[in-house]
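Enquirer: Listed here are the chains, written in short residue letters.
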Amino acid sequence: MNIFVCVSHVPDTTTKVNVAGDGKNIDPAGVKFILNPYDEFAVEEALRLKEKNGGEVTVVSVGAESSKEGMRQALAMGADKGILIKADKSDAFSVASLLADTLKTVNADIILLGKQSIDFDGMEIAPMLAELMDLPAATVVVSLAIDGGKATVEKEVEGGKEKIELAMPCIVAAQKGLNEPRYPSLPNIMKAKQKPIQEVAATAPAARTAVVKMDKPEKKRVGKILQADGNAAGAASELARLLHEEAKVI
Amino acid sequence: MNILVYFEERNGQVRKPSLEAVSAAKALGASMINAVIVGSNTSAALSDAVKTSGVSKIFTVDHAWFSEYSSKAAAKAVAEVAKSSGAEVVIVPATGRGKDIAPRVAVRLGAGYVPDVTAFAANGGSIHATHPVYAGKANVQVEVTTPVKVFSTRPNLWAAPKDASAVASIEAATGSLTDMDFADRTKELALSQGKLDVAEADIIVTGGRGMKGPEHWGLIEGLATSMHAATGASRAVVDAGWRPHSEQVGQTGKTVSPSLYVAVGVSGAIQHLAGMSSSKTIVAINKDANAPIFAVADYGIVGDAFEVLPALTEAVSKIKSH
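So the sequence lines, in the order shown, correspond to chains B and L. Quick note, in our numbering, the first sequence goes up one by one and the last residue is 250. Quick note, in our numbering, the second sequence goes up one by one and the last residue is 1322.
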């Protein structure tokens, strides 16, 4: 199988977000970047497909030289090679277009990616890529089976799951729960440094959206904290009263 | 401004987040609001509440193949209606299905798209849409720079329209759908019986590692039942296998904004706070008075969850029975 995984390099989940001086982005000072956690599930699934069906796993990323760090992590997990599309990312549409331009040329059997990147949380790339490539897609996927030229997935929806059949080639966006991503072993981390990453220079299409400003949500909290102090029942009934009479939420 | 709203149908009913999107469209100052619904028998979903939701016209796209829903085909149908009705803005509820079709519709219309919008502001002739990023650690205000604009709106933030007197006209839209468009097909929708989903619930009771083990989850469920709440879980609890990941709240789980969020035995790691701090009222119950969760709480009890939970469940039940 010719398997492609789109990955992105994002600020770690433990990052405290501070707004940069331009008021439109986060301040990158002191921020550690990691492989997008949802992309790890996609990489793991790709490796399992390869182990079962043979073939090759290629990771693809859009961005600057620094994106290679996230790609190296995927290569250390076991992916075979990488393609870095070197371009300025301006919005989700531009990223999806750049990915589509490259992926249209490679005869992929399946394209995997995380359901969203944990920075912009947009869940846009997989459906946009699918539309640009005229392919079926499923997102928020927690199980995947391939049989006879079609993929069957389970997608999480409100209150349950949908079982969806997709003609192949197709695009599948991974949700937590799809699998348990493997840890790269030390030898594989060393090997990953030698694996090829092809660079493609590209120009992003014009952005269709523009960030006007970024800010942090600030909210004043009531902050009434009761002490149980051996009288849990008293504290509990006072809390229930406050929620009913003051906050009016129960 | 001519706005088209996507009416998502499930099991013969239009789902509430779609009606909320009509209110969002009104808040944008629409001069004309139409709706589009796709399915294999859309007339079944056109209840009185749907017809009087405040839209002028409901376009129906019926195709036998929609008995197996397809996001690819639905997106094509919605984009075609948007074009033929002259929509300048398309609003799709940011539901599981909506988040799939909205980006596809945007690509088809050559439109810019802002996902998961939590607020709109008019700015002269343009629209500024607020979209939470980093699971709510920050907000961005985004302007769409294309003539046609697509937004998805987060459920639970706009009230569903009420008391609209005008009845919408119904118009069958003939799209150019072919069987080829149904390259993805939903074979089955399996809903967990009687359980509220954390993403849609108005009240959530979440348990953390302080609950010490899955065998104590009855206490969380008891409080949730008394409050008609959904149950949530922290990442540590999900990673330990005590609860399914579909219940996880936080940066690699679900971002929620219910009217009441009760965190029990949750310390309040930054990833968790990111996912729930936009809740209207936050309650924390924790033994550790220094737990970070108390910094974002409106109300709290410093105490042992195993003593506080049964007492609180009883106190809430007492209030509810009055």
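For the record, the hints were derived by calculation from the structure and aren't laboratory data. Ideal Cβ placement from N, Cα and C applies to all residues, glycine included. Some hints could be false.
Beta-carbon label-pair distances, calculated as ranges [claimed, not checked]:
(1) 69(B) <-> 1164(L): 52 to 62 Å
(2) 1084(L) <-> 203(B): 27 to 37 Å
(3) 1012(L) <-> 149(B): 26 to 36 Å
(4) 1043(L) <-> 216(B): 24 to 34 Å
(5) 223(B) <-> 1310(L): 23 to 33 Å
The calculated SDA-like cross-link candidates involving lysine to any residue, where the alpha carbons are at most 20 Å apart (straight line), are [unchecked claim]:
(6) 150(B) <-> 1189(L)
(7) 163(B) <-> 1127(L)
(8) 1083(L) <-> 132(B)
(9) 163(B) <-> 1011(L)
(10) 213(B) <-> 1127(L)
(11) 1212(L) <-> 1189(L)
Enquirer: With reference to the structure, classify each hint as holding or not holding.
Expert: Do the hints match the structure? See the list:
no.	hint	result
1	69(B) <-> 1164(L): 52 to 62 Å	54 Å, holds
2	1084(L) <-> 203(B): 27 to 37 Å	34 Å, holds
3	1012(L) <-> 149(B): 26 to 36 Å	33 Å, holds
4	1043(L) <-> 216(B): 24 to 34 Å	47 Å, violated
5	223(B) <-> 1310(L): 23 to 33 Å	25 Å, holds
6	150(B) <-> 1189(L)	19 Å, holds
7	163(B) <-> 1127(L)	37 Å, violated
8	1083(L) <-> 132(B)	18 Å, holds
9	163(B) <-> 1011(L)	15 Å, holds
10	213(B) <-> 1127(L)	13 Å, holds
11	1212(L) <-> 1189(L)	34 Å, violated
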